[in-house]
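**Student:** Each chain, written out:
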Amino acid sequence: MDLTYTAAEEEFRSELRSWLSANIPNEWTRPGFWESLDDDESFRLRRDWERDKALAGFAGIQWPTEYGGRGGTPGMKAIYDAEMVLANAPRSVNPLALTFLAPTVMAIGTDAQKKEIIGPLLRNEVIWCQGFSEPGAGSDLAAVATKGVRDGDDFVVNGQKVWTTNAVHGDKIFTLVRTEAGSQKHRGISMLLIDMHQDGVDARPLKQMSGASEFGEVFFSDARVPATEVLGEIGEGWRTAMLLLSFERGASGIAQYTEFRRQYDEVVDVAKRLGRDTDPVIRGKLARVLTDLECLRYHAMHVQTQVEQGRDLGFEASMTKLIWSEPSQDLWEVFDEILGDDATLDSLGDLDLRPLHAQAMWSRSVTIWGGSSQVQRNVTAERVLGLPR
Amino acid sequence: MFFALDEDQQAFDGAVRSYLAGRFDLEAVRGVFEDPSGDGHPASLWKAAAEQGWLAVTVPEEHDGLGLGLVEAQVIGRALGAGAAPGPWRGTVLAAEAIRLAGSPEQQAAWLPRLASGDAVGAFTLRGSAPGTLPAVEYGALADVVVARSGDGLVLVTGATATPQGSYDGTTRLASVEAGEGEALPGATAEVVAELEARAVVLVAADLAGIAREAITRTVAYDKDRQQFGVPVGSFQAIKHALADLHVAVTLAEHAVLYAAHAVDTGLDGADLAVAVAKAKAGDAAVAATQAMIQYHGGIGYTWEHEAHFFYKRAKRLAGQFGDADAHRARIAELTIG
Ligand SMILES: Cc1cc2nc3c(=O)[nH]c(=O)nc-3n(C[C@H](O)[C@H](O)[C@H](O)COP(=O)(O)OP(=O)(O)OC[C@H]3O[C@@H](n4cnc5c(N)ncnc54)[C@H](O)[C@@H]3O)c2cc1C
Chain A
1 MDLTYTAAEE EFRSELRSWL SANIPNEWTR PGFWESLDDD ESFRLRRDWE
51 RDKALAGFAG IQWPTEYGGR GGTPGMKAIY DAEMVLANAP RSVNPLALTF
101 LAPTVMAIGT DAQKKEIIGP LLRNEVIWCQ GFSEPGAGSD LAAVATKGVR
151 DGDDFVVNGQ KVWTTNAVHG DKIFTLVRTE AGSQKHRGIS MLLIDMHQDG
201 VDARPLKQMS GASEFGEVFF SDARVPATEV LGEIGEGWRT AMLLLSFERG
251 ASGIAQYTEF RRQYDEVVDV AKRLGRDTDP VIRGKLARVL TDLECLRYHA
301 MHVQTQVEQG RDLGFEASMT KLIWSEPSQD LWEVFDEILG DDATLDSLGD
351 LDLRPLHAQA MWSRSVTIWG GSSQVQRNVT AERVLGLPR
Chain B
1 MFFALDEDQQ AFDGAVRSYL AGRFDLEAVR GVFEDPSGDG HPASLWKAAA
51 EQGWLAVTVP EEHDGLGLGL VEAQVIGRAL GAGAAPGPWR GTVLAAEAIR
101 LAGSPEQQAA WLPRLASGDA VGAFTLRGSA PGTLPAVEYG ALADVVVARS
151 GDGLVLVTGA TATPQGSYDG TTRLASVEAG EGEALPGATA EVVAELEARA
201 VVLVAADLAG IAREAITRTV AYDKDRQQFG VPVGSFQAIK HALADLHVAV
251 TLAEHAVLYA AHAVDTGLDG ADLAVAVAKA KAGDAAVAAT QAMIQYHGGI
301 GYTWEHEAHF FYKRAKRLAG QFGDADAHRA RIAELTIG
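So the protein lines, in turn, are chains A and B.
Under the UniProt record's numbering, think of the first position of the first sequence as 1, with each following residue one higher.
Under the UniProt record's numbering, think of the first position of the second sequence as 1, with each following residue one higher.
Isolated chain B (complex conformation) (with noise of 0.2 Å):
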């Protein structure tokens, strides 16, 4: 039994958080969040996105792509998670994987490859339908392709209008995209959308256990420095019993996020059931802990000065998005009760 990133996926994690940490860090965020006129997809970002390959992960090698799975994808977008950062990454990886999955080789040859290095950006929803109004689009502004619902499949939407939404969590930007007639994708039947959809979940998912998981670390480092009654405050045992179970949750979440991700990869017995705890599980998880990172980092935590508020609001928009924790947990009663 080997339940683990292995070496080579251990690498590609350190790979992201490094350059993040190096080059795009909460500073920068930062700088996305306080312009909320600008398009907030940093351009230096995106091209280290292309160049290392964070948008080609699941693109088959045919197109240029390194033909890996969702648990390579997962632990980029926990990276990315845990660094706040901008950007239409989710989007345009999901909007490959709906051509992948669902596209016709001409639509595959002539999307994939400009999605996997970056020159096209994507974006992916599945609410509302086209024709008509697709509301809270990731980056809808920005794509050059939103893939959308239309009735019960799949569409290629190009050329959309799209009006900025305002939205508090400024690590990413909304829109409202006025969707015309797509050009349909051939392969969406159901069960496609259904892999779509798991596979968007284990995303966000991922994303969400990374905001959990940095959350929790930066409480317990500012804990163990800052003194009051003449201790440092993480001496305190209400304080430390919060934060060990949120370590627990945390670490929960991030194993059923890796576990869905395998799961949905090669189509275990049990993956929808997977994903419907690993969305769960992460959303709590995020909540719960960037509601603590606030609490236990006292005044400081509540100023827009301090980084705290990032990770909350982009906790908040995460949890809710294809599906909040009680919608999965309705689908968990109706996998396990009937």
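The shape of chain A in the complex, shown without the other chains (with noise of 0.2 Å):
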């Protein structure tokens, strides 16, 4: 057993909080500076803020130099991804590009896509959305009904996507198009790349339940979209689609683990406040969040481990979904409760309660997307534990 990491990696760490420290502006991390602001202002601050990172050295920190990475190791990523949330960084502008679409270009992609695609986004030029869902396909994404007819050497595009983060901030978006007519489920599909400020391409706002727009619909009607521009293998979008997904699976328990604490101990904080923090009801229930809490932690570092020894994890990342996104909506359930009849406020004196109740809906989202907590259960069910479809 070794839970250390390497001194180059502590290096690096420390490399990156004196940047970190340098770089983030005290006004940013005060609680409700970023609720403060409309979507255009936080997204413009933040996509500015990380293109500057990625220009420090900060960014692609496991990629290949080749492509603008740091060409570090698995635990540097993994530092990076707890510094950032230790440091009250902004959330990143492009995550789909960052997490999806660039290792999948960097597996398959053409020569042009892998220059034209990787180091544009990496500097936040080019801001990428993720065009899977659709009204009638969300969690049975086979479904995708969105169509590409040939047209010479381009596909014509129409249908609609929805639930699109970035939608009206994105510039371009790998959708899942049915280039096949007549096909059926995942056969005929192909991933498109396609150009969003065109004709024919038009992306409108859906407010979320927090208040915020940060999703949207998109909407294609005879968009032009040229054949250089599948990734993958024409009609093997499926392929493309799972191998992208798979990209997740590296992803940092870690640093869930050190925001959800951070969360936890904002939400005893308030507790504290209200003298509620010596309800046994109250501890109890916290206690029993921050044990699952901290098995995330313990389950983080199996993780850390297996892909430092470069295993493949499989289908047990189903698994680490459930793992983080349950419980840090049991802790936003708890924090209801403390508040009592007052759930609902704005404030309590001179305690502004906004930034909390953003965190605590946004919570009720973390089990629908990317995979409902019911598909990973079945994924589990049936790939993990091998019980019959």
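Quick caveat, the hints were computed from the structure, so don't treat them as lab data.
Only a predicted model underlies this, so the values are computations on that prediction, with no experimental measurement involved.
Every residue gets a Cβ at the ideal spot worked out from N, C-alpha and C, and that includes glycine.
Among the hints, a few may not be true.
Claimed, not checked - If you want the ones that stay clear, here's a sample from chain A, every Cβ over 10 Å from chain B, calculated:
1) A87
2) N88
3) R283
Claimed, not checked - Computed beta-carbon distance windows for the label pairs:
4) A:S139 with B:F2: 35 to 45 Å
5) A:E248 with B:D64: 43 to 53 Å
6) A:S14 with B:G270: 20 to 30 Å
7) B:K224 with A:A212: 40 to 50 Å
8) A:G71 with B:S117: 46 to 56 Å
9) A:L345 with B:G338: 17 to 27 Å
10) B:E106 with A:G71: 58 to 68 Å
11) A:D48 with B:G67: 50 to 60 Å
Using the hints, build the complex out of the two chains.
**Tutor:** Okay, structure coming up:
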């Protein structure tokens, strides 16, 4: 057993720490700061900041240097993820590109795609959306109905995507499009990379229950997409999508733990200020949540070990999603119990509850996106435990 | 970072498990269960435990032990839980741990080699105080030496009178021990007692994690085959989702026990929190998994003939031992809320 990082990794940590402390304005870490901005302003600040970070060499930590990455170790990536949380760094504006698209392009993109896609996304010059879900294809992703009809060197695309994160700020979208007429399920789909600023593409914001509009709808009406903008093979989009989704597996539970542990401490702090911290029922419930948060930390170390040993976690990734998403939701339910009759108020005395409510509202989404909890349970039961379909 | 068992530890695990599967399986456990007047201490199993070093695991090499840590001990503890195996293994190891950590050199020389070799049976309890009655001591009637509280310290009790106490957990024998004056363990400061308690908690949690894993493994195997409505019952989503959640809970309990063992061995910051987390998680997981084992076997799971009750009953007893989940959550609250 060895729970430490190497000297080189610790060296990286201190370098990153000093860059972060010099480059995050104090004001940004004030509770409620980000919620006080409108969506566009918040997006612009975060986009520029993240570009500077990339230019300073703190992006693509584990990517090869030829792609503008840092060529670091999985340990450095874990440190990076955790330090970003500890420093109150702004949330990424290009997470889908960084986590999913870039590694997929590195693995199966054409040389031209590698050159055109990776550098710009790293520097946030191009913001990417993920256009998988449709009104009739959520959990059942293979039900996509958006059509692409070949016309000369182009595909002509018609259809609709929904719940698309960053829809209105996106420059390009990686989409699943049915390019083989009459094909069924996962056959005959291609992954198209579509410019969102062109004619025939219309993105509209959707307001979320939190009041923010981080996601939206994307409509395609006769949008022309060059056939060179297919990622992977034509008709093999399902395979490309599965490869793409597999890149979530290295995702750091250590960062999630760091974040939830901070949220836990915030909730405890509210309990203390309201004199609810001595209530044995509340204490018991908080301790139950904390138990699961600590277990998330151990699981993250397990995952980290597997990654460092070069093992494929396979369908265990579905478990990891359950392990972090469900307890984070439980925490915010206890928060409401702590507030009791006043659970919905914006403030209590001098306590501004809005930033905490924003986190609580967000927690309702984490068991839906990225595959709902029910879907993760199916995967765990069938693929990990081997129960019959 | 390496958070896992290393190769030697895995091999140790494999050896304990294959011995139990091959030479002391659940039929043998049933023999113990169905002989309530017996001492619950099968000679062949005890001999194997001694020969294979299960008793010597944490005893220092100078006293004929293996000189290993709690990480290795929890490997054995988990395997014994998974096999619902009877016998005074844990009491013997914990008595030796008490003597190792708090005993005088003479006490160590007198007891450690004998406990490590299986010549002497040990018991360890933190309930009651000597002189006085020590309730529900595991294998108290069999023990050559019982380590118990006396005021704030610990004593070695020998030659005590023990009265067997009936228990529905037929995998273990309990006794009420009438303890007179014992021989004090001179190093038993409050800190050492707390460390021993932590070690006891981790080993019980390991047993629970073993039980929990075995319960869901057996249930998954059964529900893959058992047909109703023309399909395997394991294809029903109500069952799948419950088993998936249990698999997650048990996996986390396993991680938590491993981490706690390592944290205690190396005196990591937050070891006390880790120990409480391990017991709370493992206790809940084992009770839930064994309840599910009965439920998802249907009627057969409720019969005496089926082994589900071995696991359920053992889980019920151990879930309360050295503090139940609520008690450990109270401790967690103390450590994280104040
Ligand atoms: C905040 C947020 C951001 C998102 N961002 C994106 C994005 O950027 N790009 C993108 O493509 N998508 C995105 N999504 C969409 C997300 O991936 C889908 O919402 C999700 O896959 C669920 O699909 P659905 O909404 O159609 O629900 P449905 O699939 O209709 O599910 C409804 C309910 O049925 C359950 N259910 C469905 N199938 C099963 C089954 N087989 N067994 C048991 N229960 C089942 C679900 O768990 C759910 O409870 C986002 C969603 C949210 C909330």
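**Student:** Are there hints from earlier that the structure breaks, and if so, what are their numbers?
**Tutor:** Violated: hint 3 alone.
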